[in-house]
Amino acid sequence: MVARAVDTLRQAGMKGPYALAIGPEGYTRIVESTEHGGLLVLDHLRRILDGGKVVRALGVRGAVVASLSGDNFVLELGQDLSVGYSHHDRESVSLYVEESFSFRVTEPDAAVVLTD
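When you number the sequence shown by this note's numbering, it's gap-free, plus one each residue, and the end is 133.
Simulated from the structure, these hints should not be mistaken for laboratory data. Yeah, the Cβ is synthetic: ideal placement off N, Cα and C, and Gly gets one too. Just to be clear, a hint being listed does not mean it is correct.
[Said to hold, decoys possible] Derived DEER-like restraints, expressed as beta-carbon distance ranges:
1. Lys32 x Glu93: 21 to 27 angstroms
2. Glu108 x His61: 51 to 57 angstroms
3. Glu115 x Lys32: 33 to 39 angstroms
4. Asp60 x Tyr102: 48 to 54 angstroms
Construct all of the structure, not just a fragment, from the sequences and the given hints.
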């Protein structure tokens, strides 16, 4: 499935390297495959991804293959960092930190979703 996703990205004009963001269950299966001997699946995936990364992504169900070239995705961190008061007791004071950010997809063809 990963090889097909990379091929789909190439056909859409998206250059490599590519990244594979995979949910915890899938990532665990990849890592555990080395326990049974044979070719290390993680190394094989990196070759398919043109040297890209395989990352464990907590918020992903299934997996996503994305092009890492260009400005296809933009993460903007806000400048409004703030510290706030939450509560206190006799022994401690609880504070929190907030910062705004936005994530934009500027090229929808730059990612392929893989489902189980």
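Consistency of the hints with the structure:
Restraint check, Lys32 to Glu93: a C-beta distance of roughly 23 angstroms satisfies the suggested window 21 to 27 angstroms. At roughly 53 angstroms, the beta carbons of Glu108 and His61 sit within the given window of 51 to 57 angstroms. Range check, Glu115 to Lys32: about 37 angstroms between beta-carbon atoms, so the 33 to 39 angstroms window is met. Range check, Asp60 to Tyr102: Cβ separation about 49 angstroms, and the 48 to 54 angstroms hint holds.
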